[in-house]
Every structure is written in structure tokens, then in C-alpha cells.
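Go by the hints and put chain D onto chain X.
The residues making up each chain are set out below.
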Amino acid sequence: MSESTETEETQEPEIILPDDTPVDLQAELVSSNVMEILDQLDQELIGLKPVKTRIRETAALLLVDRMRNKMQLSAASPTLHMSFTGNPGTGKTTVALRMAEILHRLEYVRTGQLVTVTRDDLVGQYIGHTAPKTKDVIKKAMGGVLFIDEAYYLYKPENERDYGAESIEILLQTMENNRDDLVVVLAGYKDKMDIFFHSNPGMRSRIAHHIDFPDYSSDELLAIAQLMLAEQNYRLTEDAKKALLEYTTLRMTMDHFANARSVRNALDRARLRQANRLFADANKSVTKVDLMTIHAEDILASRVFQEGALDMDGDEGADNADLDANQGD
Amino acid sequence: MMTNYGNRMTQGQFSFLPDLTDEEISAQIKYALDNSWALNIEYTDDPHPRNTYWEMYGMPMFDMKDPAGVLMEINECRKTFPNHYIRVMASDATRGVESPKMSYIVNRPEKEPGYHLIREERDGRCQGYTIVPYSNDKPEGERY
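Just so you know, the protein sequences line up as chains X and D, in that order. Once you know that position 239 of the first sequence is 230 in our numbering, the rest is easy, because the numbers rise by one and skip nothing. Once you know that position 94 of the second sequence is 97 in our numbering, the rest is easy, because the numbers rise by one and skip nothing.
DSBU-like, lysine-lysine: derived pairs with alpha carbons at most 35 angstroms apart:
#, chain 1, residue 1, chain 2, residue 2
1, D, K68, X, K126
2, D, K68, X, K147
3, X, K181, D, K68
4, D, K114, X, K126
5, X, K61, D, K68
6, D, K82, D, K141
7, D, K82, X, K147
8, X, K43, X, K232
9, X, K126, D, K104
10, D, K68, X, K183
11, X, K61, D, K33
12, X, K40, D, K68
13, X, K126, D, K82
14, D, K68, X, K43
15, X, K126, D, K33
Simulated from the structure, these hints should not be mistaken for laboratory data.
If we strip away everything but chain D, and leave its shape as in the complex, we get:
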């Protein structure tokens, strides 16, 4: 994790880039809308890379025409959870199921403490590895 500057959580698209500006987020939303994908907003305060199921913020947004509406919802979510991870997902329904096509983080906690690596000695000189986010010592909702 030392190579990942600032211990930032990396999940989904653009997560190795600097944080997206609202303009860039709008452009990505527009791309999704142009492909007629439905958007939804999710949040979590568990930064483990394998934590893929986040909490939904409100309903998924179908029949949207303009990015401004989605951005309004994102800002609403930021106001409610200023120190959580927030991501935008776009789902494609053409295959009969809503399959995710895009997912990118639009909000991060101010300070991300990073991950703790646990090495486990196993039988036969085997080595097991586990990473645990430092922030997960505290219960949900009090982490950041």
C-alpha cells in the first residue's frame, strides 16, 4: 500500500487519478445518460477493497435527461455523508438485467488512514495475508 500515495482507497474507475471535479463528474454522467444507462448513488464508510455492496442513497434514477439532476442528488448525498465514500454507478438494462457499466468515486473522507497488513503463519511455511483498514476499528457510522 506504500506505493498508493496517501493510502487512498482505489475502487472502480478513475480511482488512481486526482479526485474528479464536478464538471468532470457531469461529463461522465452525460456519457452514461447518452447510452441510456440508469444511474444510482451509493455510499459506505468501509473502505475495504472487497467491499463491493455499498448502501444505496435514494432510488436509482431512471428516465433522467440531464446531468444536472444527478449532480444535485450527489451534492445532496455529500451534504448528508460528508465524510463517507460516495460513488456513482451506471447500469445497462439491455441484457434484461441491470448490469453495472460504470462505477466511480465522487467523494472521499478527508483523511484516509489506509490499511494494516496482517501476515499469518500457516502450516508448512505458508504465509497468509490479510489487509484491514485502520478506520474499521471503530463501529459503522463513527469511522471518519
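Bound conformation, chain X alone:
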């Protein structure tokens, strides 16, 4: 064994490249295909300026790191553990998915898989249950990205005997020891995550990237709505667009507003009303365009306009909104 390693070393003498060796960054960029995915990110995700900038920066760093490796300028691989904070429905999960793909393209993680877990998947119910459960999840996520949704639930300061702390400890250990194998992304609401990090300083220091997801403006929400509808082969009339813009502006001021998710729910209900309307005047012949178009009246029928309050009959879904606010994304 020792013999063979010796011969290998003699066969490959270390080449020290001169300082002015040219670097073809552009070629590297093309070969990694990362631009493609960054552009896709730009097109498919509306708004989120700070998030996109950060992702671009990270991609650039990894690319430069790869070049440096080729030039034998070794440096410790950067820690890429991240925390995503933001209100419900601001696209944290969507971005995490993209992140996994970007890191995979840049060969930072070996598989492009994203394992999404919450407290339930990590923390056990009795003594000795937590460690195997957390380790199991970590094992499965190895070589990819582990996305911990609502991470602040892991730590419950009011309960001393809570097993969440055990889970955090194991996570910290793997985040440190298996830096090359696993990227951990924590997500949650801003204020709660701040408390979480405050009580777990070890966690804060091990996460290099804290990315804050801003709320969407009503214009951005309208653009998101159009994107969502286009995917489902629906379209809005000009009046409907105006109505939706009004709706989002109104809805934003109300309780349980969950950004893009509220818009999705509103659109689902608009589709319901559209179907109803088509049935109501069944005497008229219905064309393909009718099936595709959502009119202003479908949106204006919402109780948000009529009473300035959420529907309580389940159609507008105050309960749902409440659930949304808790589950986040």
C-alpha cells in the first residue's frame, strides 16, 4: 500500500502555476450551466431582489472557488448553511428548491436533492427517540440540502424537558463535521427565528448566510397571480386585473395575509365563481375562451370587497388563512 502511494507522488510532481496564468471565467460559467438556472430564477420568481442578489453572490463565490481549486489555490470549502426568514408565502421553500439545484450544478453538493422536514420529523416523543430520528433524517439528506421548515419550533424554552435541544445539538455537530456532505437551510418567520438564534448562539454562528425574504407589493402579487394562472391555462381580462390589484391591496391590510399563498387561494375561489357563472347562464353557448377567462366579477364577488372582512362561510376561508399563517411555507 505505502509503496503505491509513493510512486503516485513521484509520478505527479506538484506544478506551481505562474502568477499570471490566465483564467477563463466565462468558459467555467458556461460549462456549469448555472446561468441558465439563475435566469430561470429571475423569470419565475417575481420580486425578491435581496434574495436573488444573494444567490448570485453565492453562485459567483462557488464558481471562483472552483477556479481557485484548478489553480491549486486551496482554501477550506465555504460553509453554505443558510437561514431563510420571512413572512408566510414569500417563497422560502421555492427558493430552497432552486438553491439545491444551483449547488448541485456548481458541484458543491453531490446530489441535487432537497429533503424538507419539520419538527415532527426530527424530534421524538420519548427519551432516546430523538437522536435516531434526527440521524435518520440527516442520513437521508446527505449529499444534498436539508430544509428545516419552521425551525424555531425545534427550541421550546418554556418546556425544560423538551427534546428539541437534543436534535439541535446533533444538527450542530453534523453541520460542523459534515460540511462537505450536507447543506442545512433553516426557515421561519423573522421574529421567531430571531428569538431562536438568540437562544442558540451556536446555531447562529454556524450559519453564514442569513437571507431575509421581503413581503411582496401588490404589483408583484398581480404578476405572481398571472404567472400562476398562465400555468393553469387561465387568463385575466383587463378589468379583472384591476380588480385583482384592488383585491390584493385590500387584502394586505387584513389579518392572516400570507402573500403569494393568499393570492393562490383567492384565485382558486375566483375559478370556483367563474365555473358557477358559466353554469348560471348555461343557455348561452360557451366557447374555449370563456373557459379560460376570469372576469372582474369573479374577483369582485369576494367578501373582501363587500364587507372589508374575510368570508366566514368557509368559501373565503378565514380558517384556512389562519392555518396558512401557522404553517407558512
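Showing chain D alone in chain X's frame:
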């Protein structure tokens, strides 16, 4: 047994080769994962060649994507049983049963005392042979 240098137990794949490094183990795990075989880790301290049923360490690992996860479990097992035999098995489920496709040793006790050959005189000048590992004189768990 004199031809087997150091009285090493030979069972499964690669057992006549020098011990696999972690890198080599990872490469073998990757091969198994690429074939979508499930992996599990087993240990024993009874080195008899016919001892095929070993104790399982934890659950079998289904839906793994990357060797690092399995290697983590192997290291965990090594920490718990530093002086036991540990092997990795890969099972194929395509025939409807988990049939073993790979099995190789990833950890050995530091010192393997080897085997004792017992010759038994039988009727009609028949000769019976039995091998007994020297280490099996002691009860399970205290052998190495």
C-alpha cells in the same frame, strides 16, 4: 489456515484484500446505491466462517441518496463496537424479496487469534474435521 496471513477471517467480498479504506468503502456503497439496493450494517464477534447471520446495527437504510449517510452509520457502529467484525450488506428487492447482492467487511478486531483445527477419529479410519475460533472460548461480548 496457515496460508491465510494473520489468521484473518475471510467472509464476503474483498476479504482476502487489505482492509478497504473509507474512500473505497464509499465507492462500493455508491455502486450499491446506483443499483438502488438497500444497505444495512451488521456486526458480530463470532468469527466462524459459517456464522452467516450477524446482528443488525440499526435499521436497514432504504431511500438513501448518498454514500456519506451510510458511511456516517458505519462510523457510528465502529464507535460502538470498535473490536467487532462489522460488515455492510446490500440487498436487491427486484425479485420481491430482499436478496443479498453485496457483503463486505469494514471493520475487524485489532488482533484475530485465528482458528483451532480439531481432528476427530471416526469409525473405519474416517477423519472428521472441525474448526473452532480461539476467541470463542470466551462468552459473547468479551471475545476481543
